[in-house]
Each structure stands twice: as structure tokens, then as C-alpha cells.
Amino acid sequence: MRTLSQALQDALAHHRAGRLQKAEALYRQILAQAPQHAQTLNLLGLALHQQGDQARARDFLSRAIAAEPENATYHVSLGVVDEARGDHEAARRDYEEALRLDPRHSEARFMLGGLLLREKRHEEAIAQLREALRRNQAHAGTLSLLGRACLETGRLDEAAALYRRILGLAPDDVGATFDLGCVLRYQGDLAGARQCFEKAIRLAPRDAMAHNNLGTILKDLGKADEAARCFEKAHALNPSLPLIYSNRLFNMAYNVMGTPETILCAHREWDRLYACATPYRHEGRDDPHRRLRIAYLSPDLREHPVSCFIEPVLKQHDRGAVEVFCYAEVADPDEVTRRLRGCADHWRSTVGLPDEAVARMIHDDAIDVLIDLAGHTANSRIRVMTFKPAPVQATYLGYFATTGLAAMDYWISDETLHPPDTVELATETIFRLPRCCLVYSPPRDAPPVSLPEKGDDITFGSFNHLTKITHECIALWSEVLRAVPGSRMLLKNRQLADTTIRAALKAGFASHGIEEERLILLSHVADHREHMALYNRMDISLDTVPRTGGSTTTDALWMGVPVITLAGARFVQRLSASMLDAVGLGELITHSREDYVDRAVTLARDPERRMKLRMNLRDRMAASPLCDARGLARALEDAYREMWVNSLQRRA
1 MRTLSQALQD
11 ALAHHRAGRL
21 QKAEALYRQI
31 LAQAPQHAQT
41 LNLLGLALHQ
51 QGDQARARDF
61 LSRAIAAEPE
71 NATYHVSLGV
81 VDEARGDHEA
91 ARRDYEEALR
101 LDPRHSEARF
111 MLGGLLLREK
121 RHEEAIAQLR
131 EALRRNQAHA
141 GTLSLLGRAC
151 LETGRLDEAA
161 ALYRRILGLA
171 PDDVGATFDL
181 GCVLRYQGDL
191 AGARQCFEKA
201 IRLAPRDAMA
211 HNNLGTILKD
221 LGKADEAARC
231 FEKAHALNPS
241 LPLIYSNRLF
251 NMAYNVMGTP
261 ETILCAHREW
271 DRLYACATPY
281 RHEGRDDPHR
291 RLRIAYLSPD
301 LREHPVSCFI
311 EPVLKQHDRG
321 AVEVFCYAEV
331 ADPDEVTRRL
341 RGCADHWRST
351 VGLPDEAVAR
361 MIHDDAIDVL
371 IDLAGHTANS
381 RIRVMTFKPA
391 PVQATYLGYF
401 ATTGLAAMDY
411 WISDETLHPP
421 DTVELATETI
431 FRLPRCCLVY
441 SPPRDAPPVS
451 LPEKGDDITF
461 GSFNHLTKIT
471 HECIALWSEV
481 LRAVPGSRML
491 LKNRQLADTT
501 IRAALKAGFA
511 SHGIEEERLI
521 LLSHVADHRE
531 HMALYNRMDI
541 SLDTVPRTGG
551 STTTDALWMG
561 VPVITLAGAR
571 FVQRLSASML
581 DAVGLGELIT
591 HSREDYVDRA
601 VTLARDPERR
611 MKLRMNLRDR
621 MAASPLCDAR
631 GLARALEDAY
641 REMWVNSLQR
651 RA
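Going by the numbering used here, the sequence shown opens with residue 1, and the numbers climb by one from there.
These aren't lab readings, by the way, just hints derived from the structure by calculation. One thing to keep in mind: the hints can contain errors.
Claimed, not checked - What follows is a list of derived Cβ distance ranges for each label pair: (1) 140 - 651: 27 to 35 angstroms; (2) 451 - 346: 29 to 37 angstroms; (3) 174 - 504: 42 to 50 angstroms; (4) 523 - 283: 50 to 58 angstroms.
Said to hold, decoys possible - Here are the simulated lysine to aspartate or glutamate pairs, EDC-like style, with alpha carbons at most 16 angstroms apart: (5) 315 - 332; (6) 120 - 102; (7) 120 - 89; (8) 315 - 516; (9) 506 - 516; (10) 506 - 472; (11) 120 - 332; (12) 612 - 637.
For every residue, glycine included, the Cβ atom is placed at its ideal position computed from N, Cα and C.
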């Protein structure tokens, strides 16, 4: 006859092999003979937890603790179940009680650290996980969670070191390989990140997110077609993830891939696949003249180009006309976040909340006009808009194509971005402001404008992201360089620290007859003031094609550098044109490749014109609509009012 110990070993063998029902039956047989056997009560509770029966699991774990209240491990087990039940407060108490009983219990500290991390309490999580790792330095789970916490708080060097420690213990660990790729991307090491995601795919070919992230890297490297194939593969592997399809849309719209019809169709398909089936209804009469409750939804209320354009508006909103709410998907707030928070009447964090909860929050706040600032960009909460939590919804600033959402009423634009005699296919009604829909807030640390070094040679330049420097763009710039003998091209981007990327860029210019000696390639500089000062080395800024610059255009103009742009047919191809129009520099807007080259060459040969622009451009810009935040705030408030009145008329 088997002893209780033998029976328990048999049950454990089944449990470890994943035969949970067989293990459960054996645990129950043991408890029939020894009802208070604490270890068996604990193990049966865990087996029930693994089968999804949290209520009965909790009952057995409570009995285990009643039998041995000083056993820290049983409190950890109870915490696991409470966390699975969604009761994080109870789980935290369970883990803390385990640590009170046994401060050296590394599993309790690991679990508490993981819970705190999931709650985005990063500093507390890091403290717990570092202590857990001190007590068990080879625990892969702790290394991984601490790496994630460091990644989410910008401690990139520490995160990379932690993931490399895991790979030193287990070279084929897919999770560590994937996470190291994420860290390397944030560090600007795109070649290293690409290697990690390619390895992750070799190890786990059906991992949709590995294909997705490889697509993101290829997009960042300017390989839009290869990126598109990765996003399509990722979507095929996991069609339930809106994020993957949004990345596909971003790549398509950002790189102007396909016809306007195919871009619209693809965006509408996202809405068909992922939109909320039962959006909120807004009925009844209301006062068209009352103070409006407006809200901005964004993941970019932090150091980001979007915040540069929205902060002046938030500061200038007329609080007598509008009450301002911000819904921020910002896991790691920075100084910009703190400034923006001070500009809003109400600030809500959406981090960690499901889309349904965010939509409910907005609806409960009785928002009249909800403005999404992100579209299908990174960390967007675009699906919240499909719940229609506000009666009027608009897209503005952060995206450059239709969102495709039936629930999105308006796309806020202007008459240069969307000329009245043109049509851009969209699900939204295009609302053209009577002025430039962008505003520039000059950086406080911008240095004085000064002249480039004396000499006859012209320095053209661009500080745009490398994804905008396409083969088409290099070919056009090369035409300009060939037409101006001795001229140079100054490019700056942090990714240019990567020798592989530098070599590829040099090869691109070389294929068009431009020697590498004519290229000045810069990467990271100490601070933003030094970055701005680099414009003083530039005579003329050449805008990118087919996508134009945004904040790089306004920065160049503020530093007295004229920008030559090629305006295309779509919104994403006309941002610089809108800004130049606002400053009264329509002569720098071109409409063909030949016109672009001719305008650049003509300006390069006119030192008097360049000198006049350099000395006067900052004052001219400061006095223009492009720096008139108050004027833009009034125009937006008028637009929101008109949208609101239109919605009331439709409801009547």
C-alpha cells in the first residue's frame, strides 16, 4: 500500500506533466485521508487555478493557510489566484504577507515586483525585482521582468544587460531575444534590433509580434516594401490584434504606398475588423451656445513632435468657451507631460485601461467634442473612438491620412493641406480651418541665428528622419547637388551612428554620382540647443519627398534657413507647404521635380536673397500665423462650436 508521501509524488508527477485533472483526482484522494494536509491543499488549489477555477482554488488555498499560517509559499499561491481573479489589492497583501513571514522569499518578491510592474508602479517594481535578483541571480523570470521595467522607464543600458544575461544562460530564449530587439531599437541600433527579431522568427516562426516588430525596424530603415510583407504575415498569424493592422496602415500611408482608393479601403477594413459593435448613442436636445467640454486623446503628451504643436494650443484655449480634458496614454511621464498637465482643466491617465474602460470614462465625463491626436501611430488608443464616447469626434495633428473610422466625424485641416478644389478620399468630413492648422512654439533654448562659415560652397541639409529619405528623395537631392558644383549635403539623425546605415546612405548617393566627400553625416549631439545650432551650418534646407518634414521644417525656418519643398497631392505631402504659406514664403513651394531643382539652384546662386532671409526670417515667422497660438486656439474653438451645432441639428 502506497504511503501518503508516495501518493503525493505521483500526483506531483502528473501535475508537472500538465495532466491537471489526473493530478486533481489524486490530490483529492490524499485529502480524503488527510483533510488538513497543507501541502496537498496548496497544490490542489494551484491545479484548480491552472484549470481556470479561481473560486475553488481560493477555497483550498485558504484552507492551506489556515493549516499552516506561517508558510510564506502558501500566501504566494493565494496571491497568484487573487491576481488571476483581478483583485490586485488582495494579491499585493498576499505577497507582502509572504515577505513579512520570510523576507528572503525570492518568489514572493518576484511576484510582487511583477504585480507592481503590471500596475505601472515602476520604481516600486524595480526595487522589489532588484532585491529578488540579488537573492537569486540566475532567475530568468526576474531578469526578464526587471529588463521590462528598465525598458519602460528608459534605463536602456541596464535593460540590455539584463536580457543579455538571460541569453548567456539560455541562448535560444525567444522572449529575451525579442525584448533585446526592442531595447536596441530604442537605442537606435536598428541593425542589432533587426538581427534579434530575425532570430526570434527563426526560433518561433509563428510569433506574430516578432514579424510585426521586424516590420517596424524595416520601416525605420526605409524598406517600406519589406516592412509591408512583415505586417501582412503578422496579421495573417494573429488577425485579432488591431496594433498589427494599424502598423500596416501607418506604413502604407506614411510611405504613400498605393492609390488613394487602396489606402482608404485598407483603413476602412481596420474599422470593419476592430470597431466596437455597439457604440454609444447621443440623443436629445442641448444648448448650442453653452461652454463646451472638449478632450484630446493621445499617447504623445510627452517629449514628442505632437506635443510641440499641441502645447501652445492648450495654453491659449479660452476657458470661458471650452473646458479642456486630456486623456493621456503616457506610461513614463516626463517634464513635457508635467507642463501639459498644467495646461488642462482635467487630466486622465489611460495607461493599463482596456478600450471599453477609456470610452466609458470619456462618456461619463460628458465630453462634447473628442479629438484624437494619434490615428494609427504608435501606442494609439484609436479603437476608443469606435465606441463613439462623444457626440462629435475629430482627428487632428498626429496622423496624415484618413483613420477609416465610421465614428470619426471630422479631419481637421486647412486650405493648403487640403485645397478646396481637391478631394482626398476619407471617411471623415474634411474641416478646413481659415488659417494654417499648425502652430509653432519656438524652443526656449534656440541659439541666435548666425551665418554659415564663409566660403563659396553651398551647404544643403535636412534633419528629417531617415525613413523619409527614400530612394526617390536621394535621387532628387542628387540632382540639386550635381547642379551646384562643390555643394555639400548635411544630414543629421541619431541612426547615423550605425555604420551599416551610414554605408547604405553613402551608397544611395553614390549611385547618383555624389561622392561621399560631399556628405556630412551627423548623429547624436549633447542637447537640443546644440541640435538647433547645427542649422547655422546650413545654407538651404531641402525638404524630403514624397513625405515632407514637420517639426524639422519649422525648426529650420526659426534658425533662418529657407526650406525648398515639393508639394504633392496628399496631406502627408503638403505639411511643409502649409507652414511656408503661413510665413508668406509661397515662392519656396514647388510642384514638380524640375521646379524643385530649379528653385534650389536659383536660391543657391543668390547670396543676397539668402542673407536677407537668414537675417529676417525669425522675426517674420514670429509675426506670422505659424507662431500665433492664440489665433489657432480661437479658430479651433470656432470649429468645435460649428461641429457641435451641426451635431445638434442632426439630432433634432
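For each hint, the structure was consulted:
| no. | hint | in the structure |
| --- | --- | --- |
| 1 | 140 - 651: 27 to 35 angstroms | 57 angstroms, violated |
| 2 | 451 - 346: 29 to 37 angstroms | 48 angstroms, violated |
| 3 | 174 - 504: 42 to 50 angstroms | 28 angstroms, violated |
| 4 | 523 - 283: 50 to 58 angstroms | 56 angstroms, holds |
| 5 | 315 - 332 | 22 angstroms, violated |
| 6 | 120 - 102 | 25 angstroms, violated |
| 7 | 120 - 89 | 14 angstroms, holds |
| 8 | 315 - 516 | 46 angstroms, violated |
| 9 | 506 - 516 | 6 angstroms, holds |
| 10 | 506 - 472 | 15 angstroms, holds |
| 11 | 120 - 332 | 9 angstroms, holds |
| 12 | 612 - 637 | 37 angstroms, violated |
In this structure, the earlier hints numbered 1, 2, 3, 5, 6, 8 and 12 are contradicted, and the remaining ones agree with it.
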